[in-house]
Every structure is written in C-alpha cells, then in structure tokens.
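Enquirer: The chain contents come next:
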Amino acid sequence: MNDIFVLIEHRQGVIRDITFELLAFGRNLANKNNAKLTAIIFADNSKKIIDKIKTQADKITVIENPIFKDFNAESYQIALAEIIKKENPFITLIGHTAFGMDLCSSLATELKIPFTTDCLDVEINGKKLSVTRQMYDGKLNVKLQLQENDSYLVSLRAGTFPAEDGNLNAEIEKIESPISAEPDYRKFIEYIEVVAGEVDITKSDVVIGIGRGIKEKDNLDIIDEFADAIGGVVGCSRPIVDAEWLPKDRQIGSSGKTIKPKLYIAIGISGAFQHVMGMKSADTIIAINKDPNAPIFNEADYGIVDDLFKVIPVLKNKILEAKA
Amino acid sequence: MNIIVCIKRVPQTAEAEVKVDSSGKDIEKDRLIFDTNESDTYALEEAVLQKEKFGGSITVITVGDEDSEETLRIALAKGADEAIRIKVEDLDELDGFKTAQILHKIIKDMDFDIIFTGCLATDDAYSQVGTTLAKLLEIPHASLVTKIELSENSADAYRELEGGLLEHLKIKLPALFTIQTGINVPRYASLIAIRRAARKELNEISKTEFGEMKSNSFIEELFTPPVSKLAEILSGNPDEVSEKLTGIIKEKGLI
Ligand SMILES: Cc1cc2nc3c(=O)[nH]c(=O)nc-3n(C[C@H](O)[C@H](O)[C@H](O)COP(=O)(O)OP(=O)(O)OC[C@H]3O[C@@H](n4cnc5c(N)ncnc54)[C@H](O)[C@@H]3O)c2cc1C
Ligand SMILES: Nc1ncnc2c1ncn2[C@@H]1O[C@H](COP(=O)(O)O)[C@@H](O)[C@H]1O
Numbered sequence: 000m001n002d003i004f005v006l007i008e009h010r011q012g013v014i015r016d017i018t019f020e021l022l023a024f025g026r027n028l029a030n031k032n033n034a035k036l037t038a039i040i041f042a043d044n045s046k047k048i049i050d051k052i053k054t055q056a057d058k059i060t061v062i063e064n065p066i067f068k069d070f071n072a073e074s075y076q077i078a079l080a081e082i083i084k085k086e087n088p089f090i091t092l093i094g095h096t097a098f099g100m101d102l103c104s105s106l107a108t109e110l111k112i113p114f115t116t117d118c119l120d121v122e123i124n125g126k127k128l129s130v131t132r133q134m135y136d137g138k139l140n141v142k143l144q145l146q147e148n149d150s151y152l153v154s155l156r157a158g159t160f161p162a163e164d165g166n167l168n169a170e171i172e173k174i175e176s177p178i179s180a181e182p183d184y185r186k187f188i189e190y191i192e193v194v195a196g197e198v199d200i201t202k203s204d205v206v207i208g209i210g211r212g213i214k215e216k217d218n219l220d221i222i223d224e225f226a227d228a229i230g231g232v233v234g235c236s237r238p239i240v241d242a243e244w245l246p247k248d249r250q251i252g253s254s255g256k257t258i259k260p261k262l263y264i265a266i267g268i269s270g271a272f273q274h275v276m277g278m279k280s281a282d283t284i285i286a287i288n289k290d291p292n293a294p295i296f297n298e299a300d301y302g303i304v305d306d307l308f309k310v311i312p313v314l315k316n317k318i319l320e321a322k323a
Numbered sequence: 000m001n002i003i004v005c006i007k008r009v010p011q012t013a014e015a016e017v018k019v020d021s022s023g024k025d026i027e028k029d030r031l032i033f034d035t036n037e038s039d040t041y042a043l044e045e046a047v048l049q050k051e052k053f054g055g056s057i058t059v060i061t062v063g064d065e066d067s068e069e070t071l072r073i074a075l076a077k078g079a080d081e082a083i084r085i086k087v088e089d090l091d092e093l094d095g096f097k098t099a100q101i102l103h104k105i106i107k108d109m110d111f112d113i114i115f116t117g118c119l120a121t122d123d124a125y126s127q128v129g130t131t132l133a134k135l136l137e138i139p140h141a142s143l144v145t146k147i148e149l150s151e152n153s154a155d156a157y158r159e160l161e162g163g164l165l166e167h168l169k170i171k172l173p174a175l176f177t178i179q180t181g182i183n184v185p186r187y188a189s190l191i192a193i194r195r196a197a198r199k200e201l202n203e204i205s206k207t208e209f210g211e212m213k214s215n216s217f218i219e220e221l222f223t224p225p226v227s228k229l230a231e232i233l234s235g236n237p238d239e240v241s242e243k244l245t246g247i248i249k250e251k252g253l254i
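Here the protein sequences line up with chains U and R, keeping their order. Going by numbering that gives the first Met the number 0, the first residue of the first sequence is number 0, and it counts up by one from there. Going by numbering that gives the first Met the number 0, the first residue of the second sequence is number 0, and it counts up by one from there.
Calculated directly from the structure, the hints in this document are not laboratory data. The C-beta atom is built at its ideal place from N, Cα and C for all residues, glycine as well. Warning: the hint list may mix true and false statements.
Said to hold, decoys possible - Rough simulated footprint, nothing fancy, chain R against chain U, three-plus residues with beta-carbon under 8 Å: (1) 32-46; (2) 99-109; (3) 170-177; (4) 193-202; (5) 213-227; (6) 252-259.
As the list claims (entries may be wrong) - Residues from chain U that keep clear of chain R, each with C-beta distances beyond 10 Å, as calculated: (7) H9; (8) K53; (9) T54; (10) K58; (11) K85; (12) S150; (13) F160; (14) A162; (15) L167; (16) V232.
To be verified - Derived DEER-like restraints, expressed as beta-carbon distance ranges: (17) R:D155 with U:K127: 41 to 47 Å; (18) R:S150 with U:E122: 44 to 50 Å; (19) U:E163 with R:L164: 24 to 30 Å; (20) U:Q11 with R:G246: 47 to 53 Å; (21) U:S179 with R:K52: 46 to 52 Å; (22) R:K228 with U:R10: 29 to 35 Å; (23) U:S179 with R:E27: 50 to 56 Å; (24) R:S21 with U:E122: 35 to 41 Å.
Please build the complete structure, drawing on both the sequences and the hints.
Expert: This is the structure we're talking about:
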C-alpha cells in the first residue's frame, strides 16, 4: 500500500501533543496495513523536531524555509498539496486542531480528494476507507464510508490516541519548499497571549466548573457560595465566557485552560470534548447534571442526575457541616 | 461592505435525548427543538455590527428544507436585508463537501466583500463547510475568528488557538471568515422586527438548478458511543445524594 503521511504540528518549533498522538495512531495503521509511515515537517529549523520524532516514523520529509517559522494555513496548503500530488500517499493524517481546521478543507478541496474531520478511528479495507466520528453534541457516533479514491485526507481528534514510544530509525529526506514567500493575500502577523486575571484556576486543588445549566448570570451567586464553602475556585465552560459572565481566564478546555486539580466538580456542563480536554486529568471528577445521557458522566468518577438548583444548596450545607 | 452569511437550522441536542431512527442512519427528529446554529448567530451579529459601521447589505443563505424559512426570517428580523433558501428536502444526503458545493454555485455569481459562516454546525460537527467554500470560490479565509477589524481592502483577523492564544492575520478582501462563539453578544430580534420579517419575501432556488453534485462520504450507521468509564451515579433525593457525596469528598481528604 502507498504511504501513510502524518503532518507534524508545532508552534514555533515546539511540538504539539497532537503530533505524538498522530504518529502513534499512524504507526499502528501502517503496521496493520503493511504501509510505510512518513512524517512531514515544515519548519524554519527542523533539527530539534527531527530529534524528538525520529524513532516514530519510517521516513521524515523535511521542508525547511523561513516562511514556515509560523503556521500559515495558506503556505502549508500550497506546499503540502504539491507534495501529496507527487507522492500520492494512501492517507494523510492531520490533527483536528485550530491549525488543522484552518488547513484541511482547503487542502482536500485543492487536491480533490475525499476528506472528513474530527475522526476517532480510521479503518482501511482494501482501497476503501471508513471512519468513526461524533455528531449531535457527542451524543451519537457515526460510521462514515468515504468515496473510494487513491488518496484520502482525514483529521483526527486531539486527546484520543495515546502517544507511544517508537523504535524506528527514520530515513531523512530534505526537499525544497515548493513556495518561497507567504502569499500576499494572507500574512501572519503575530501571536497574542491571553491576559492573566487575578484568579489562576490552574493552581487550585479544588475547581468548581459551571456551564450553561446555570441559565442566568445572577445564579452564579449560588456557585460562588458553594465554592467558598468547599474551598475551591470557580471555572467554567465556554458559553459562560461567551456570555461575558466570567472572564476568559476562567474557561476550562481546549481553547481555555488545562487544569489538574485534586477535585473537579462539573455543574450543568454537558461534557463536550473541547471541555473535557481541559479537565480530564483531575484526580477526582464529580458531575451534576439533570440529563442522565450527558457525555460528562462518561468522564466523571461520581455523578448526580438532578437539577443543580435543588442539589447545590443542600450540598453546600452538608459540606459546611462536615467541615465544622 | 456587502456581506453574505451562511446559516443553518439545527436540532438542539445538548439537553435532549437523541435516538437513532429505524433506518439506523438518521435520528428521530419529531421531539427535538430546532434553532439557528449557535456560531451562525454570532456570524450574523458580526455582519450586522460591520454593516452598522460601514454600510452595505447583508444576505443570509441557507441550504435547507421548508422549516428553515423560520431561521431566515429570524435573521431578517435581526438585520439581514435579503434571504435565500436553496431548497433541499432530503437534508440527510448532504455532507459538508456537498453543502459547500451548493453554496458555491449560488455565491460565485454574487457581489460580496465578505462571507461569514459559523465555525461549526452542532449537528454534523464537521467544521468544514466554510473553509471548503472559500477554496471553491478561490478566496482567502481564516477560521475560528474571535475578533475582526475591517478596512477598505483588507481585514485584521484574530483566530483563536488552543489555550486561548490569538493568531493575528492580515487578509485581503474578498475573504471568508468562520466565526467562533464569543466574538460579540448576539442581539435578540424585537417583536416588531419579527412581524415585519414575516411579511418579507424569501428567495427560493431549487438545488436541482445547479446540476448533480457529489458527496464525499456516506453514513453507514449511527450508534450510541461506547462508554469507557461510567461514573458511579449516586441515587436518592437531594439530601441523600448530598450526604453520600460529602462522605466521598471527606473520605478522600478533600475537605
Ligand atoms: C474550536 C472550539 C473550541 C472550543 N473550546 C471550548 C473550551 O475550551 N471549553 C469549553 O467548555 N467549550 C469549548 N467549546 C464549546 C463546546 O463545544 C461546547 O459547546 C461547550 O463546552 C458547551 O458548554 P456547556 O456544557 O456549558 O453547555 P451545554 O452543552 O449547553 O450543556 C448544558 C448542560 O447543562 C445541563 N443542565 C441544564 N439545566 C440544568 C439544571 N437545572 N441542573 C443540572 N443540569 C442542567 C444540561 O443537561 C446540559 O448537559 C469549543 C468549541 C469549539 C468549536
Ligand atoms: N445547510 C447549510 N446551509 C447554510 N450554511 C451552512 C449549512 N451547513 C453548514 N453551513 C455553514 O457552515 C458552517 C460550518 O458547518 P459544518 O462545516 O457543517 O460544521 C455553519 O456554521 C454554517 O455557517
């Protein structure tokens, strides 16, 4: 079978976790299907990146050019399309990350190859490819068959596949960049960090997470009182920040903070994977949600299926009693 | 500034029970509530805010069944000037690629400076339609935009990356932006505006006018996700569950 390609994701030379996940998944897929795994690196300087991944692929193709210092979906798209056209890999795997989301659809459209996003699994059957992904707020999985083709593009969900050590010794191939300047219609300017507020939710042993189930801003008082009682800080899901009820630095999840407290209590949060990515490493997770099918119960250690407005005031008093 | 906004009507499934229907390839829709896709309401609001600043007009487009007329009318009530529905009765035959192709067929002959789409439709969750459409139209794009500053021929777009980091880009117009939630605070439509919008004419175009279009993918089956680890659910009334949970928290030495 033709190669399996994995695109290396890094931010200014620092490899992102998704890269190791993609390499581990790609290696398993390659083994199962008797294929070669090729990692593709675009960077201004690739040495450190190569050192970190050289045991994890059969081959590493390196495209070094100053224009690849920062990620620009457009430069990547133009260059990667050239390489894929030439090498015709059976499948190219890219992370379903902010980086991948900006790149993949236009790349697949340019190449006219079947593509789908945010996959949890990929199965190869002869020349056919099917994938598993999620729909409807993570409540259902779907198995999709892609239109049969020689080459496919798939993006994979971050945090799904465990990274693994490798024992390969990759052959390194350096190739000229197909382009030498950033396209004039899309220029990278800079990265801007989030401004830090007064509360650092990553430093607390106990974090109370509140979600859209709180319904109204005024109801946050109930959560503040509960957090005070138990001795924790309040974090939240994205919609609470979108509504401007809490500042951005309280947001837990892929586009917010990653927390690892001893105790995380998710209240009125459904458990979207973007949220879960930010809190799944907590030692103990408790979820309070009125929907028994909420995906958060698949992540939690303990669950209460009930109305938060009925439970929280009672729970607060029990905690205070227990502390007294 | 002439702005096109692509919007979709989707079922609200975060709090609902979602069941696979007898075909195994679709869900039971009769008991679900439908509304405008969340990020599309932010995309529309952004269009209205930009129009208030720069003038111009807003056209909303949906590829959808008859029920999605309501979605278009809400958009008209919130400030869109024109509304187009590309009629598709069997929504299930659409995948992200096909939807983008249909949108491309109609938009390619329109006059626009900017297209806004949502960053993700919460039903199929592709995050694909906007960026595919941009490529088909051969215009630049930026996805997951949480801030945008427009000038005559270009835009400063700020994309939200992992950890909340922003990527600042300069993009030439015409361009397409997929809008992330939180970029603004969407308004509600006033009752008067809703009544006025109810009388407005919608443009309807049959998909068949565009000829055959290909899907990229086909649904084999829908199924409930396998559970790797299910929480121990504490049973009882609020008093009982609180008692149990306090015991667990105390036992773990967390209070
Ligand atoms: C690129 C991208 C990045 C994202 N990044 C993040 C991120 O970093 N963090 C994040 O959180 N999200 C993120 N999201 C959004 C994510 O997909 C979800 O939309 C979001 O997490 C949902 O928040 P929620 O659980 O509060 O709301 P919902 O999904 O609406 O869930 C509300 C829950 O509250 C429950 N509920 C309602 N009323 C009550 C009650 N009275 N008592 C008890 N329970 C009740 C409901 O049953 C439901 O489960 C991102 C999305 C995208 C596309
Ligand atoms: N049927 C549709 N009609 C109009 N716009 C759509 C349709 N489907 C998707 N879109 C747009 O594309 C965005 C992303 O959808 P998706 O790629 O399916 O996650 C949505 O937020 C909408 O703006």
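Enquirer: Tell me, which hint numbers fail for this structure?
Expert: 1, 3, 4, 5, 21 and 24
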